[in-house]
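All chains should be modelled from the sequences, with the hints used to inform the complete structure.
Line by line, the protein sequences are chains A, B and C.
Each residue of the first sequence is one higher than the one before, starting from 1 at the first, in this note's numbering.
Each residue of the second sequence is one higher than the one before, starting from 1001 at the first, in this note's numbering.
Each residue of the third sequence is one higher than the one before, starting from 2001 at the first, in this note's numbering.
No lab work stands behind these hints: they were computed from the structure.
Keep in mind that this is a model prediction, so the values were computed, not measured.
Glycine included, C-beta positions come from ideal geometry on N, C-alpha and C.
Be aware that one or more of the hints could be misleading.
In silico DSS-like pairs for lysine-lysine, Cα to Cα no more than 30 angstroms straight-line [claimed, not checked]: (1) Lys265(A) - Lys2173(C); (2) Lys2142(C) - Lys265(A); (3) Lys2227(C) - Lys265(A); (4) Lys2227(C) - Lys2173(C); (5) Lys2103(C) - Lys265(A).
Far from chain A, by Cβ distances over 10 angstroms, these chain C residues were calculated [said to hold, decoys possible]: (6) Gly2041; (7) Asp2061; (8) Pro2073; (9) Gln2084; (10) Ser2085; (11) Lys2227; (12) Thr2258; (13) Gln2310; (14) Ser2319.
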Amino acid sequence: MSATETAYRNRKSEKAIRVWTVVILLFIYLPMVAVFIASFSKLRFFMFPVKAWSLDWYASVFNSIEIRDYLGTSLLIAGVVTVVSVVLAIAGALAFARYEWKGRSLYQKLILLPIFFPQAVLGLAILLWSSALDLSPGWQLAVFAHLVWIIPIVTLVISIQVYGFDPSVEEAAYDLGASRWQVFTEVTLPILWPGIFSGALFAFLLSWGNFPLSTFTTGAEQTVPVWLYAKMVAGYSPQVPALGSLTTLLAGLVLFGGYWLGRRKAKK
Amino acid sequence: MNMPSKSYSVTDSSPERLPENRGSALNIRVRNTLLWFRQPGALLSLPALLIFVAGFIGPLGLVVIYSLMPERSFAFNQLPTLENFVTIFQEGYYISYAWSVWLALVSTLILIVICWPVAYGLSRIFRRSMILTLLLVLPLFVSENVRLFGWVLTLLNHGILDGTTRTLFGWELPDMLYNAPVTVLGMVYVYLPFMLFPMSLGISMVPDACREAAFDMGATRWQVFKEVELPLAMPGIMIGCLLSFVLVLGSISEAKILGGQSIIMISHDIETAFTYAQNWPLGSALSTLLILLTAVLVIGLLSRLNLDNLLSRK
Amino acid sequence: MTESILELQNVEKYFGDFVAVERINLEVKKGEFFTIVGPSGSGKTTMIRMLVGMDKPSRGDILMSGERVNDVPANRRPTCMVFQSLALFPHKTVGENIEFPLKLRGETKNNRKTRAIQLLEQLHLTEAYYAKKVSECSGGEKQRVALARALAFDPEILFFDEPLSALDYRLRKTLEKELKDIQRQTGKTFVYITHSLEEAMVMSDRISIMRDGRIVQIGTPDEIYNKPANSFVAQFMGEVNQFNVTRQDDARFLDTDTQDTYVGPPDADLQSGVLIVRPERIQILAEGEAADTEIAGTVQNQYVLGSRVQYEVKVTKRSLLVETMIGDAWNVGESVRLGWNSDQAFLLAR
Chain A
1 MSATETAYRN RKSEKAIRVW TVVILLFIYL PMVAVFIASF SKLRFFMFPV KAWSLDWYAS
61 VFNSIEIRDY LGTSLLIAGV VTVVSVVLAI AGALAFARYE WKGRSLYQKL ILLPIFFPQA
121 VLGLAILLWS SALDLSPGWQ LAVFAHLVWI IPIVTLVISI QVYGFDPSVE EAAYDLGASR
181 WQVFTEVTLP ILWPGIFSGA LFAFLLSWGN FPLSTFTTGA EQTVPVWLYA KMVAGYSPQV
241 PALGSLTTLL AGLVLFGGYW LGRRKAKK
Chain B
1001 MNMPSKSYSV TDSSPERLPE NRGSALNIRV RNTLLWFRQP GALLSLPALL IFVAGFIGPL
1061 GLVVIYSLMP ERSFAFNQLP TLENFVTIFQ EGYYISYAWS VWLALVSTLI LIVICWPVAY
1121 GLSRIFRRSM ILTLLLVLPL FVSENVRLFG WVLTLLNHGI LDGTTRTLFG WELPDMLYNA
1181 PVTVLGMVYV YLPFMLFPMS LGISMVPDAC REAAFDMGAT RWQVFKEVEL PLAMPGIMIG
1241 CLLSFVLVLG SISEAKILGG QSIIMISHDI ETAFTYAQNW PLGSALSTLL ILLTAVLVIG
1301 LLSRLNLDNL LSRK
Chain C
2001 MTESILELQN VEKYFGDFVA VERINLEVKK GEFFTIVGPS GSGKTTMIRM LVGMDKPSRG
2061 DILMSGERVN DVPANRRPTC MVFQSLALFP HKTVGENIEF PLKLRGETKN NRKTRAIQLL
2121 EQLHLTEAYY AKKVSECSGG EKQRVALARA LAFDPEILFF DEPLSALDYR LRKTLEKELK
2181 DIQRQTGKTF VYITHSLEEA MVMSDRISIM RDGRIVQIGT PDEIYNKPAN SFVAQFMGEV
2241 NQFNVTRQDD ARFLDTDTQD TYVGPPDADL QSGVLIVRPE RIQILAEGEA ADTEIAGTVQ
2301 NQYVLGSRVQ YEVKVTKRSL LVETMIGDAW NVGESVRLGW NSDQAFLLAR
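In structure tokens:
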């Protein structure tokens, strides 16, 4: 940072921004912490302060075969979505940011439209579409619905990496005798790797936590968020905070673990 | 050089000057199409475009077609009619529209104000703090149901807040759940990242040198904000506003979980029409109006943006 | 040494309706250091991209050692380019960068390493650089790594696309000389592209000057300097004094702008054109000295250019640039007499 910049910086407003950021973080995490606390409360109905603690609800979550199925479906959907969306988004991002072609500017905007559309309505529209095409809802339809929304996001994430990429590096490899495939595996892919990695993390986690698309497309093969919602509106069950905390923890673990892995690889 | 400055493909992709027009117009069109497909960028865009057409244009197009079908029909090959749109106005569905638009406006305004300092800090003060970014991203990956449920636990009678004030001060807080303000709270809460990150991207586009130059010429903090930072960060802010507005407009869980049906959002009407009422054409007509409103806003903004500048940070 | 290794026959390149390169004919000899010079937009980048095989010419032929290579893609041509951005692979170490072409050929790990270290040495880099990251190298070091990588490919022709343009002046001067040395040592053909004629003069055996997609002149540095083909070439070397003239009689030319008369160059056979006199060819005449053409003026400005000084001298209706060695001191405002002999001026077509 330059000396002039420091001189112009206003200490007071900087402090205010720091305080405000902490306030926002508290705002974001307060309800998540509330879920966490509730998951350890022994009572069937939540009361604060908690008088009796217990791990019973976690035990009941772990012992429920039903919940294990939902977890399995959620993981299956998130896994397939991650692989497919990353592969398509690598191509999509190269088209987005690497090559100059006729139609690129229109493509850049079209591909982003699903992000700017309410997911619940999109989920319903896809359900309608599938019934018109005589396809029944299920995990495959949910994967498809997730892809519609997640591919644009992953494309954006990888594109940011592609923008920082000097195309002459590919040409240099080609000029030094590499075949097109060698250029891709030896140069393009390794350089884009950080972007691809974050894209994959995003794809997995967004699919994992998605409710509005899943609720209309999974049919009988429910995911965890869909099940949680059903339980929530049907009346309070302490399994909800327990499973909610578990999914939150898993998302946090994947996110921070992924970040840690990515940093370790970059340092090497 | 006077050539496309960005990047060249490894093959020769530049459309060559074609030999003088020989053959029919159709031939030329076919040849131009083939040339288009020879561009590597065009080829690479196809898989993603395919999903876009099959999963976005197709379904939404079908919804628009269904909206013109007679009430309660499940086929889309009947004579088109506008009766569903008439129903919308006669039966007071516009009230849910008004609520949705109003809440979307209020939430967006609140989000602008509360996100600006954090977005500013994120791109200027905490520049290298990946941890902070991750903490702010994490909520995106937790189902909104769980997080809204957390608010229920927090605001409930004998919940986290009420329970705390009772034990500490003996105060009993009034009922806080199931009304319009708490619905807005839920919306602001869920869509915060959608405002925060585009806004921060916008602010990171303001070059330090411009800011310093303005200070150097005697601008006050407020003037720097108004004359330099705000206009330069505008594309990011606009994207943030559009995202939050559109997503709140079509939101459903906040009003159900926190609002306790005290407010009916348009998506709720749409869902009811499709599911309980089994009136697909009405649901489609309600969706069509939402699609139109969203399309006008989104296309209006996106057509003005240069995404290359915004994303490459050059 | 006179065998031609690269030949261009009527090469043209269009982008849509834009003509980037037009009717190029040239021949590069084996072992030659050949430089293509031109301002930005002159088509030199398009040229090198076709020579390397990244683009195909729209018309005409490119021959390498007598064989037509128009349709041979870059990865199958025995040539290699050092890019303007250097295009080092950021995810590979210095050693891995240099070994890349060898790895593609399936060389064993040991052979690759031996060769890489040999090349590092040849380019005055120690063995310690082998394991370094590219991002840890300075500008000059990266330059050397890029050259080493290209040499590892062992091309018949090595192309350079202004690789030195981003470096500071002193480092550039050092590397220009090193590059020339390496070319002599290896005996390879170098084809170099730059916008700086000064840079071209230092290194090249022959120079080709481009303007608006065409070649304006090809010649040795000496020919370019002393017999520029037109006023564009003459100006390209640096600032010159130009006079629009028509012939008055055998030896005298009339300045159409100021009506002054000048003694012309002896072998000029043009009726009218641009008379060019380089600033270093004009003398400030001392008392009693005489020259073919003499003009009186006043010193208006003085700029020190290292070992030389440039004066801007106001004469009747214009100002002239004069350069002398540092040490001759003329003050601003002083009246001086300028003069040059007729063989110091060229008459060129407009």
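Hint numbers the structure violates, sorted upward?
-> 1, 3, 8, 9, 10
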